[in-house]
Amino acid sequence: MTRTVRLGAGAGFSGDRIDPAVELAEKGRLDYLVFECLAERTIALAQQARLGDIEGGFDPLLEARMRAVLPACAAGNVRIVTNMGAANPVAAASRVRAIARELGLNPVVAAVTGDDVLDVLRRADPMLEELAAPLSSLGDAVISANAYLGAGPIAEALGAGADIVVTGRAADPALFLGPLVHEFGWAMDDWTRLGRGTVAGHLLECAAQITGGYFADPGRKDVPDLARIGFPIGEVDADGGLTIGKVAGSGGRIDAATVTEQLLYEVHDPAAYLQPDVAADFSAVTVREAGPDLVRVEGGDGRARSGLYKVSVGYRDGFIGEGQISYAGTGAEARGRLALEILRERMALTGIACREVRGELIGVNSVFEGAAARGEPAEVRVRFAARTDDREAAARIGQEVEALYLCGPAGGGGVTRGVREVLAIASALVPENDVAPRVTVVN
Amino acid sequence: MRLGEIAHARAGDKGNTSNLSVIAYDKADFARLEREVTAERVRAHFGAMVTGEVTRFALPQLGALNFVLKGALRGGVTRSLAQDAHGKCLSGVLLDMELPE
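Just so you know, the protein sequences line up as chains A and B, in that order. So that you can map any letter, position 212 of the first sequence is 211 in numbering that gives the first Met the number 0, and since no number is skipped, the others follow by simple counting. So that you can map any letter, position 30 of the second sequence is 29 in numbering that gives the first Met the number 0, and since no number is skipped, the others follow by simple counting.
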C-alpha cells in the first residue's frame, strides 16, 4: 500500500476556534497538526507587542491552544507545525516546552528564525511595491520587516527530530509543505511535487474555509451544523496526490463547491501562485467528489521558484478616528444623509486636519459604494471615519459624531466612537541568498 | 437574471487587490459565465469602487472564473477607512450583477 501522510489544519487564523483542533488531534488519526495563525499584518502587530516586552510578540492564543491539544498529540504521535511564533519564535518555542513539561510531556521543540530581515532591508533599501518608493522614504516609521520563509527550514527541524516546530513569518502553504518534504524526501527542485504540496497547503491553510466556513448562503448553499464545524484533513501521497476530508460526525460540509472556492481564495494568476519554494500552478487542478465529505484533488503542478522572497514591511501610518450613530423609522435615510452633510461641514468649520475621510450609511451603501436604492430602509447607521496624522485629531472625529445627539437630526442614538493607530504593510522583494533561516532546538 | 442564481463566489484580498472567484453551480452554465461575465462588465458593475485594472482568468475544468481587481480596497486592510477593509463582502456585491436573459 502506498504510504500517505495525514495533515490536519488546526487553525486558519490567530483568533480561530480551538475545539475543532482538539477534535482533530483526538480523532483525526493525524501525522501532523498545523496551525496557521499569521495574517498579513499580524506579525507587525506582534513586533509592536515585542517592543514593549522582549519575551512577548508571539500568538496570544499559543498557550491556550497548546494546553488543549498537547495531551492528545503526544498520545497519538501527532507532530505540530505552527507559525504562532510570530515576532518571537524562540520565546514561543520555550513557552511551548514549559507548558509541555507542566503537562508531564517531553516533546522536542524547535524554533525557526531568520525571517526578521529588517537589518538586511535597511542596508539594501529596496523599492516598496505599494508606495513606489524606497524603504528609506519611510524613515523612523518602519517597525518591522519579515520575509516569507519556505518549507526548507521546517523540514530541517523535523529532520532534527522536532515534535513541535514553531516559526515566525513563513508562507502559509509551506507550513504543510515542510512536513511533506520531510516525510517523502522531495527534492527542493522537484517543481511538480512542490507545486502539488503547495496546492494541498493552500487548500488546508484556512482550516474551516474548506469545510463549509465562509460558504453558507441559506437556501442556496446550506451547510449543516456550522456551530460544530470540523476542520479539514489532507491525506497526501508521495507523488503529491491529495484527498481532503474531515472527522466523521463533525459539522460542516466538504465537496467540489467548497474546495473550488478555497482553491481560488486569495489567488491571482492560477498558473503562477508564487511561493518561496515554487511557482505553483493551479490552472489544471481537478476536483472530484470521492464520497460523502471526501474530495479528490489532482492536476497540480509547479515551475522553478523566482529566487526572491516576499517581505512584509510594517510601518506606522497615522491614526484613524471613527464614530457611528443610528437613525430609525420613516425618513431614517434622509436623516442619516443630513448627519453626514453636517459632519463634512464640521470638518471644514473646525479645521480638523484629515488626510482622507469616508462617510457612509450602513444598510445602504457602506459596502457597495454605488448601490442603487432598494426602497427605504427601516433603519440606517451613519458611519464617519477619517485618517489623521495625530491621535488628538483622530479623537475629534468621534467627538463630532457624538455631538450629533444634541446638535444633529432627530432621533439619533447609540453612538460609538474609537481611535486606532494605523500599522500599515508594504511589500518588498529580497534575494533568497540574503535571508538565512535557522533552526534552534530549545530545552 | 442575477449572476447569483447560477453561480457562487468567494472574495480574497492581498494588499490593495481583491480577487473574486465566480463558480457555476452547474458546469453546463460555464459557457454562459465565460460569455457574459467579462472583465469589462465586472469593472462596470463596481464602477468607481475599483481604481485599477481588472483581469480575468478562466478555469473551465472547475467551471470557474477568477477576477483580480487592483485598487479595489481603498489602500488595503491595514490602511482602509472602510468597515469591510478586507473586501470580504464584495463577492455578494458581484453576485448581484444582472445577466441578460
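Read the hints as simulated data drawn from the structure, not as lab findings. Each hint should be verified, as a subset may be incorrect.
Unchecked claim - What follows is a set of in silico ranges between Cβ atoms, one per label pair, in the way DEER data are often shown:
{"hint": "1", "chain 1": "A", "residue 1": "L273", "chain 2": "B", "residue 2": "E33", "range": "22 to 30 Å"}
{"hint": "2", "chain 1": "B", "residue 1": "K26", "chain 2": "A", "residue 2": "L428", "range": "47 to 55 Å"}
{"hint": "3", "chain 1": "A", "residue 1": "M126", "chain 2": "B", "residue 2": "M0", "range": "44 to 52 Å"}
Unchecked claim - In silico DSS-like links for lysine-lysine, alpha-carbon gap of 25 Å or less:
{"hint": "4", "chain 1": "A", "residue 1": "K309", "chain 2": "B", "residue 2": "K13"}
{"hint": "5", "chain 1": "B", "residue 1": "K69", "chain 2": "B", "residue 2": "K87"}
{"hint": "6", "chain 1": "B", "residue 1": "K87", "chain 2": "A", "residue 2": "K220"}
{"hint": "7", "chain 1": "B", "residue 1": "K13", "chain 2": "B", "residue 2": "K69"}
{"hint": "8", "chain 1": "A", "residue 1": "K309", "chain 2": "B", "residue 2": "K26"}
{"hint": "9", "chain 1": "A", "residue 1": "K309", "chain 2": "B", "residue 2": "K69"}
{"hint": "10", "chain 1": "A", "residue 1": "K220", "chain 2": "B", "residue 2": "K69"}
{"hint": "11", "chain 1": "B", "residue 1": "K87", "chain 2": "B", "residue 2": "K13"}
Said to hold, decoys possible - Partial list, derived from the structure: chain B residues whose beta carbon lies under 7 Å from chain A:
{"hint": "12", "residue": "R9"}
{"hint": "13", "residue": "G11"}
{"hint": "14", "residue": "I22"}
{"hint": "15", "residue": "G46"}
{"hint": "16", "residue": "T50"}
{"hint": "17", "residue": "Q60"}
{"hint": "18", "residue": "H85"}
This structure is a prediction, so every number in the text was calculated from the model and none was measured. Just so it is clear, CB atoms sit at the ideal spot from N, CA and C, and this is done for glycine as well.
Comparing the hints with the structure gives:
Against the hinted window of 22 to 30 Å, the Cβ-Cβ separation of L273 of chain A and E33 of chain B comes to about 26 Å, which satisfies the hint. Taking the beta carbon of each, K26 of chain B and L428 of chain A are about 38 Å apart, not inside 47 to 55 Å as hinted. Here the CB-CB span from M126 of chain A to M0 of chain B is close to 46 Å, well matched to the stated 44 to 52 Å. Distance hint between K309 of chain A and K13 of chain B is fulfilled; the C-alpha atoms sit about 13 Å from each other, no more than 25 Å.
Of the supplied pair hints, the one linking K69 of chain B and K87 of chain B holds, its CA atoms being roughly 15 Å apart against a limit of 25 Å. Simply put, K87 of chain B and K220 of chain A have alpha-carbon atoms about 17 Å apart, close enough for the 25 Å limit, and the pair holds. At roughly 10 Å between alpha-carbon atoms, K13 of chain B and K69 of chain B fall within 25 Å of each other, so this suggested pair holds. Proposed proximity of K309 of chain A and K26 of chain B is contradicted: the alpha carbons are some 36 Å apart, above 25 Å.
About 19 Å separates the Cα atoms of K309 of chain A and K69 of chain B, which keeps this hinted pair within 25 Å; it holds. Proximity of K220 of chain A to K69 of chain B is assessed by CA-CA distance (about 28 Å); at most 25 Å being required, the pair is judged violated. This hinted pair checks out: K87 of chain B and K13 of chain B have alpha carbons roughly 11 Å apart, not beyond 25 Å. Among the interface hints, the one on R9 of chain B holds; its C-beta lies about 4 Å from the nearest C-beta in chain A, closer than the 7 Å criterion.
Interface hint status for G11 of chain B: upheld, as the beta-carbon distance to the closest one in chain A is roughly 3 Å, under 7 Å. A cut of 7 Å between beta carbons decides the hint on I22 of chain B: the least distance to chain A is about 5 Å, and the hint holds. The closest approach between the C-beta of G46 of chain B and any C-beta of chain A is roughly 4 Å, which is under the 7 Å cut-off, so the hint is satisfied. Hint on T50 of chain B is violated. Least Cβ distance to chain A is approximately 12 Å, over the 7 Å limit.
For Q60 of chain B, the shortest C-beta to C-beta distance to chain A is roughly 5 Å, which falls under 7 Å, so the interface hint holds. Because the smallest distance between the Cβ of H85 of chain B and any Cβ of chain A comes to about 9 Å, over 7 Å, the interface hint for this residue is violated.
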